[in-house]
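Q: Letter by letter, the chains look like this.
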Amino acid sequence: MKQAAEGTEQDTSKPVASIGRRWGMVVDLDRCTGCQACVVACHAENNIALNLEDVVLQQRAINWIRIERYWEGEYPNVKARFLPMFCQHCNNAPCEPVCPVYATYHNQEGLNVQVYNRCIGTRYCANNCPYHARFFNFWERDLDDTHREYLNPEVTVRTKGIMEKCTFCVQRIRRSEWERRQADEELQEGDVQPACVQACPTDTLVFGNLEDENSRVAQLAENKRHYRVMENLGTDTNVIYLKKVDPHASETAPAHAGTAADSGGNSA
Amino acid sequence: MTPRTLRITIGALVVVLGLLIIGAVTWVTQAADGPKQPIEFMHTVHVEQNDIDCVFCHRNVETGAEATIPAIEQCMMCHQIVNNENPKVTNPLHQAEIAKLVAHWENKEPIDWVRVHVMPDHVRFVHAAHIKAGFDCATCHGDVGSMERVKQVRSLNMGDCVACHRENNAPTDCTICHR
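Keeping their order, the protein sequence lines are chains W and P. Sequence positions in the first sequence follow the numbering used here and run 1 to 268. Sequence positions in the second sequence follow the numbering used here and run 1 to 179.
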């Protein structure tokens with residue numbers, strides 16, 4: 001009875017009781033150059049299948065992280081902008097309630113987890129994801145002995161018929177956890193770095209514990225430029241984007257050539 | 001039914017039954033004994049008689065995910081002295097098996113040990129974390145020291161793992177094992 005009473009009193013503003021840790025990422029779009037290093041790193045780290053031409057043409061390519069390119073301004077003063085897009089690890093994830101077998105759920109660290117061995121491949125989750133962050137395995141991996149040598153042994157090779165997506169490199173989180181535990185220590189700020197964050201040359205991506213006020217990611221999340229992608233959907237994502245709104249975007253190049261450079265990042 | 005067809009039928013039945021029995025016997029003994037290894041490595045000799053600690057050979061068990069099977073170099077640390085010509089090795093079986101090891105060493109060929117504990121690809125087990133939590137190797141592997149041929153003693157399926165995690169207040173989040 002006591003347990004039931006406690007259950008009803010729990011904080012309903014959060015979907016899962018927290019354990020003082022909520023992994024999140026800040027993406028500073030004003031820094032992103034669209035170099036795709038994160039994409040390459042992610043593919044190598046997470047044993048993602050090669051996207052050959054026919055796969056891409058069928059729109060069945062798997063990219064846990066991708067760089068979305070869009071244009072700002074009007075011809076002839078057009079600027080290329082880049083936006084890394086990956087699983088936003090929503091706190092109110094649209095993908096989670098539609099899974100009939102609980103293959104995707106929210107864990108206590110704020111991660112949206114995909115359990116490969118539970119997944120039966122209904123693809124409801126991918127249909128319900130507004131960020132196009134989930135990818136279905138339409139084919140079995142055809143790995144010869146040479147290709148097996150390339151695989152990361154800490155990551156499952158997904159089989160045909162199941163869904164996959166960004167995990168925030170949970171294998172790295174777990175490794176850091178037990179390596180710290182070997183030394184009787186707690187996980188510390190900066191221990192965990194997903195592959196994309198590690199590869200990013202311009203420090204666009206910052207990863208950490210959003211619940212720790214002193215962490216870099218939590219402080220950046222408070223930045224004036226912050227927004228969440230499709231915030232109006234109420235997904236309450238754990239990924240926060242920083243972007244200065246450029247009021248001069250559609251002006252001609254000479255008019256603001258100087259102002260854009262010295263206006264700085266935080267004055268939006 | 002002519003006597004000839006009767007004889008053929010009975011003959012065929014006997015052959016089939018015989019094969020079934022042989023199959024069943026090998027299956028049962030295999031299951032009881034674990035897989036046959038390229039060298040009849042005896043934990044009884046190493047652990048029971050010579051009192052060698054598990055970690056002496058399975059060196060990575062306290063620091064890494066895998067316990068690791070020792071390289072031949074490590075076997076030869078001792079077996080260069082304790083080789084098949086050593087007068088103290090009197091058991092002809094031991095002599096023969098050590099000779100196989102020495103042959104592998106001299107031909108620079110690795111030994112293709114047969115894996116005993118096979119986990120599915122979507123499971124990650126970290127030995128170091130479990131040793132750090134204070135578990136004995138025997139908790140999962142049984143009394144390997146008394147096994148002539150190593151076999152799996154626990155089911156080590158998900159229910160087994162989760163039950164133990166619950167008993168010991170270890171985390172049961174899916175991502176602890178499935179990544």
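Worth flagging that the hints you see were computed from the coordinates, not collected in a lab. In this text the structure is predicted, and so the values were computed from the model without any measurement. The beta-carbon is built from N, C-alpha and C at its ideal position, and this holds for glycine as well. There may be inaccurate statements among the hints.
[Unchecked claim] What follows is a list of derived Cβ distance ranges for each label pair:
| hint | chain 1 | residue 1 | chain 2 | residue 2 | range |
| --- | --- | --- | --- | --- | --- |
| 1 | W | Gln219 | P | Met77 | 52 to 60 angstroms |
| 2 | P | Val45 | W | Thr146 | 33 to 41 angstroms |
| 3 | P | Glu109 | W | Asp212 | 51 to 59 angstroms |
| 4 | W | Ala61 | P | Val45 | 37 to 45 angstroms |
| 5 | P | Glu148 | W | Thr122 | 48 to 56 angstroms |
| 6 | W | Glu189 | P | Lys88 | 55 to 63 angstroms |
| 7 | P | Thr172 | W | Arg60 | 43 to 51 angstroms |
| 8 | P | Met158 | W | Glu74 | 52 to 60 angstroms |
| 9 | W | Cys35 | P | Asp33 | 53 to 61 angstroms |
| 10 | W | Asn51 | P | Pro38 | 38 to 46 angstroms |
| 11 | W | Tyr70 | P | Thr139 | 29 to 37 angstroms |
| 12 | P | Glu40 | W | Gln59 | 39 to 47 angstroms |
[Said to hold, decoys possible] In silico contact screen, one side only, chain P against chain W (beta carbon under 8 angstroms); selected entries:
| hint | residue |
| --- | --- |
| 13 | Gln49 |
| 14 | Asp51 |
| 15 | Lys108 |
| 16 | Ala128 |
| 17 | Val144 |
| 18 | Cys174 |
Q: Decide, hint by hint, whether the structure agrees.
A: Going through the hints against the structure:
no.: 1; hint: Gln219(W) <-> Met77(P): 52 to 60 angstroms; verdict: 53 angstroms, holds
no.: 2; hint: Val45(P) <-> Thr146(W): 33 to 41 angstroms; verdict: 39 angstroms, holds
no.: 3; hint: Glu109(P) <-> Asp212(W): 51 to 59 angstroms; verdict: 53 angstroms, holds
no.: 4; hint: Ala61(W) <-> Val45(P): 37 to 45 angstroms; verdict: 56 angstroms, violated
no.: 5; hint: Glu148(P) <-> Thr122(W): 48 to 56 angstroms; verdict: 49 angstroms, holds
no.: 6; hint: Glu189(W) <-> Lys88(P): 55 to 63 angstroms; verdict: 58 angstroms, holds
no.: 7; hint: Thr172(P) <-> Arg60(W): 43 to 51 angstroms; verdict: 34 angstroms, violated
no.: 8; hint: Met158(P) <-> Glu74(W): 52 to 60 angstroms; verdict: 58 angstroms, holds
no.: 9; hint: Cys35(W) <-> Asp33(P): 53 to 61 angstroms; verdict: 57 angstroms, holds
no.: 10; hint: Asn51(W) <-> Pro38(P): 38 to 46 angstroms; verdict: 41 angstroms, holds
no.: 11; hint: Tyr70(W) <-> Thr139(P): 29 to 37 angstroms; verdict: 56 angstroms, violated
no.: 12; hint: Glu40(P) <-> Gln59(W): 39 to 47 angstroms; verdict: 56 angstroms, violated
no.: 13; hint: Gln49; verdict: 32 angstroms, violated
no.: 14; hint: Asp51; verdict: 27 angstroms, violated
no.: 15; hint: Lys108; verdict: 21 angstroms, violated
no.: 16; hint: Ala128; verdict: 6 angstroms, holds
no.: 17; hint: Val144; verdict: 24 angstroms, violated
no.: 18; hint: Cys174; verdict: 5 angstroms, holds
Hints 4, 7, 11, 12, 13, 14, 15 and 17, counting from the list given before, are not met by this structure.
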